[in-house]
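Chains as they are written, first to last, in the working numbering: chain A, 327 to 863; chain B, 3 to 390.
FYI, nobody ran anything at the bench for these hints, they're computed from the structure.
Predicted model only: the values in this text are computed from it and were never measured.
Hints are not guaranteed to be accurate.
Stated by the list, open to error - List time: in silico EDC-like cross-link candidates among lysine to aspartate or glutamate, alpha-carbon distance up to 20 Å:
1. K36/B x D46/B
2. K427/A x D138/B
3. K361/B x D46/B
4. K791/A x D362/B
5. K791/A x E832/A
6. K361/B x D681/A
7. K791/A x D681/A
8. K361/B x D263/B
9. K361/B x E81/B
Unchecked claim - Distance ranges between label pairs, derived from CB positions:
10. V694/A x F306/B: 50 to 60 Å
11. H250/B x S733/A: 56 to 66 Å
12. V512/A x F306/B: 56 to 66 Å
13. S733/A x L61/B: 58 to 68 Å
14. V686/A x A255/B: 50 to 60 Å
15. S632/A x A84/B: 50 to 60 Å
16. A71/B x V686/A: 16 to 26 Å
17. D263/B x D755/A: 26 to 36 Å
Yeah, the Cβ is synthetic: ideal placement off N, Cα and C, and Gly gets one too.
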Amino acid sequence: MVRDMRGAAPHSLVLKAGLIGGLVGVYVVAVGVFAAFAARPVVAQSLSLGQIMLLSIALTVGWSAADARQGRSGGLAAAALAGVLAGLVYAGVLLMAREAKLQAMFVALTPAALNTGLFGRTGLAALVAAALIAGLAALGGGLVRQMPAPARRTLLAVAIAVLVGALLRDLWISFFANLLGGRWWVSTIYTGNGLSWTGTGVAVAAGLAWQALRMLGRREAGARSTSLIGIALLLAAAILIPYFTNAFVAQVMLLVGLYALMGTGLNIELGLAGLLDLGFVAFFAIGAYVTALLTADSPLAIAHLSFWEALPIATLCAAAGGFVFGLPVLRVRGDYLALATLGLGEIVRLLVVSDMSAPVIGGAQGIVGIPRPDLAGTPMVSQLSLYYLTLVLTCLVALAGWRLQHSPVGRAWAAAREDEDVAATLGIDLVRSKLRAYVLGAAFAGVAGALFATTLGSIFPQSFKLDVSINVLALLVVGGLGSLPGVFVGSLILIGLPEFLREFGEYRYLFYGFLLILVMRVRPQGLWPDPLQARTS
Amino acid sequence: MTPGASPVTRSSGEIPDRAAAAGGNHGAGMDVGKAAALHIALADWRRRSTWVDMVMLALRVSLLVLVSAGLLLSLAHNEYSAADWLSFAVFGLTLGSIYALISLGYTMVYGVLRMINFAHGDVFMAGAFGALIVADPLIATGSLFAVLALIAVGAATSAAIAALIERVAYRPFRHRGTLAPLICAIGVSFVLQYTVRGFFGTGSRAYHDIPVLDGVVILGPLQVPLVQLFVILAALLAMGALHLLVQHTRLGASMRAVAEDRETAALMGINADRVVTFTFLIGGVMAGTAGVLYALVFKQIHAFMGFAIGIKGFAAAVLGGIGNIPGAMVGGFVLGLAESFGPAALLSGFGIPAPYQLKDAIAYGLLVIILIFRPQGIFGERLAVKRM
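Next comes chain A alone, as it looks inside the complex (with noise of 0.2 Å):
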């Protein structure tokens, strides 16, 4: 009520939404994801995912144009104004640019990405085109915010349900042919790359039923329960898909799985110590180059044990890496101690990959020839038999890392988390906490490198760099600080995702900076948020 009063008049509004509609139209275009998404079909060759993107910018121009407090006409007036205009910037801007040639210095700017940007069309049809799809789809977002809320959710659950099934064709693919046997129903459900109209049939069908099944569910279920049975849910799938489907499915949980390993160690420093480590890859590293160092086929290696024994070598080496890390910046803290971390992480880096490292761990050649584990006297070769063990030790670290939280120990690091100086006056000692979860978090770190190393068999220093942590910390932002399931989703979303829509992996890195800045903003809690921070925040 308040911000009515003082919000913005309608017009100035409509005037607003209109125009930053249409420069991020503009944007997407310029920077070139509009290009890579228009190449990609979702519903039977006539809407592709960069019309999608566009439909949605307009759409979200509409939402926010509809102010309530115009009535209900009065509001999809102005949301259908705020669309025309968003259209009328948006097709105009990409006019000049494309009389303006400007392709030499912006290289997303395409003749061929304009013509798709604009519709095919030149001049005034161009112009008129964009304003009325954009009015049109501005209408319906102000239409959508008018809806009672269930229809909203409803149309939200079908959206994601055409967009997941289109998306992840490959998986459903392999899924659904090592389930059902044969081939025979994949054209009828996909033509090329994306859906065809019985498959968005099926998949708004899919969403609907996902819906309803929702909602049964949170008529009945406490919310306790309910993350009982995700957790199940997810421990299911986790085991079940792979199985069910090919070697690179496996290969990509594994990775999800690594992640959340790593995750599972961030998190205890940051989520529950609240210690925000941008060095956090260098354990990570150390895990790696243990292993290869004691079991790898190479003139670098210092033993030939089995992974089995170099397990435990490398966890206590990350840990005491940890150690030695954590002690000089125990005082160091909040932005100050990211920084500090991020430029150790950084020196380990430069010493790793320069001449004078050379003769003990590679240099930049890195080491080659690390053997794979073995079971029984037999090694695991194929993706599944390693993507298990990656799924145990993620397990147990997970289960060490619930434990944790709920001991004496995590009730420290939270206390302490929320202030030091009240923490140490209730008797915590902050140097013994803030060590142990230093030596904890890079312990679970180290076995991460160490499966990291032996799966893929050769390790170099390009695969320890800053992103390795910057990935860490986004899956955790996004599942949520603090929050052990937070961590799988995270990783699922963050790390799994990506593997699957591998044309838009130039733009991952700018996916994940508008992620972090939309969950810190619109639900900094995350996705699956730890019930005690979900309180306190």
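We have chain A; now place chain B onto it with these hints.
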């Protein structure tokens, strides 16, 4: 009621206690100068210090030994001539003036908001690319004014981006937890890097050669590229302008007031939101200037260059005492010189192959050492009251 009055509700308990983080400085009684007093002070220190203090002391001593050994060994090696050292110095000053300009943005933002603008390095990078858009037609005119216009465009780009970032990513968190703005800033940093990469492509880009800045100046035994002198001069001018702005204008005065004590400043009728925006704008202007100057010296720019240079700019700000504007300028020059002398003066003595590869490690090392042992920087922070 003005919106600027809202910060009154903010608790002052958010500021991290860096005074306590300094650690190990318990030698207050040592200046008595007598053996007995020294003995008591030492005993007192040993009584109060924990094993962590001992470890830190050991670390301090071993670092000192390592650095002095490196210096002595390198001097004994003596593989560089005097002219080499002089050209290292000029290059260090060039680099340092760029770091100094960047560090000003960190320091000013920290002064008013007590937060680190993690994306500032990418603001610097964006300035260089903003100027790239107009570089060709401007450089074709061939005059020195074209170079100045180039700098102005870069500065304007960075300023606009910095203000936008503040509005979208930082302002919503001003009254919330400490970690949220930092995570948001990491997000912003990625968005900027990959946006520029999407706009301008994956490869390196460059401005065309600028004939006015080609050529060398002969100063006694050494030849200095003209462009390096130009960069140092331009940076000094920009810093001079900033000094005048901060010390002698109304806006500068309100900025200093907000940095001193935001609540009181708000009570005196200063619009804190406007001051924050202004601070980001000025920081952006300095960073954009640095971006164009960097492109002039190094002849190539790419979307990811902001990361390492941003960290170094931050290191310079911490070196000079974060929040301290003259300190940041000096810190920048110190860091530039350390980076250009370091590989020759420190590392070559140990017989490390290709010491130049490790020049970044020297800058990061300096950052880490300062953060650990003297977080208040060389000159200390210009914060009148430690509010914790």
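Hints, one by one, checked against the model:
1. K36/B x D46/B: 15 Å, holds
2. K427/A x D138/B: Between K427/A and D138/B the Cα gap is close to 15 Å, so the pair holds against 20 Å.
3. K361/B x D46/B: Violated. K361/B to D46/B sits at ~41 Å, over the 20 Å cutoff.
4. K791/A x D362/B: Status holds; Cα separation ~15 Å.
5. K791/A x E832/A: 17 Å, holds
6. K361/B x D681/A: 13 Å, holds
7. K791/A x D681/A: 17 Å, holds
8. K361/B x D263/B: Violated - the C-alpha atoms of D263/B and K361/B are around 39 Å apart, more than 20 Å.
9. K361/B x E81/B: Judged against 20 Å, a Cα distance of about 18 Å means the pair holds.
10. V694/A x F306/B: 50 to 60 Å: 28 Å, violated
11. H250/B x S733/A: 56 to 66 Å: The hinted range 56 to 66 Å holds for H250/B and S733/A, with Cβ atoms some 59 Å apart.
12. V512/A x F306/B: 56 to 66 Å: 41 Å, violated
13. S733/A x L61/B: 58 to 68 Å: 31 Å, violated
14. V686/A x A255/B: 50 to 60 Å: Hint holds: Cβ distance 57 Å, inside 50 to 60 Å.
15. S632/A x A84/B: 50 to 60 Å: 59 Å, holds
16. A71/B x V686/A: 16 to 26 Å: 21 Å, holds
17. D263/B x D755/A: 26 to 36 Å: Roughly 35 Å apart at Cβ, these two residues keep to the hinted range, so it holds.
Of the hints listed earlier, those the structure fails to meet are numbers 3, 8, 10, 12 and 13, in rising order.
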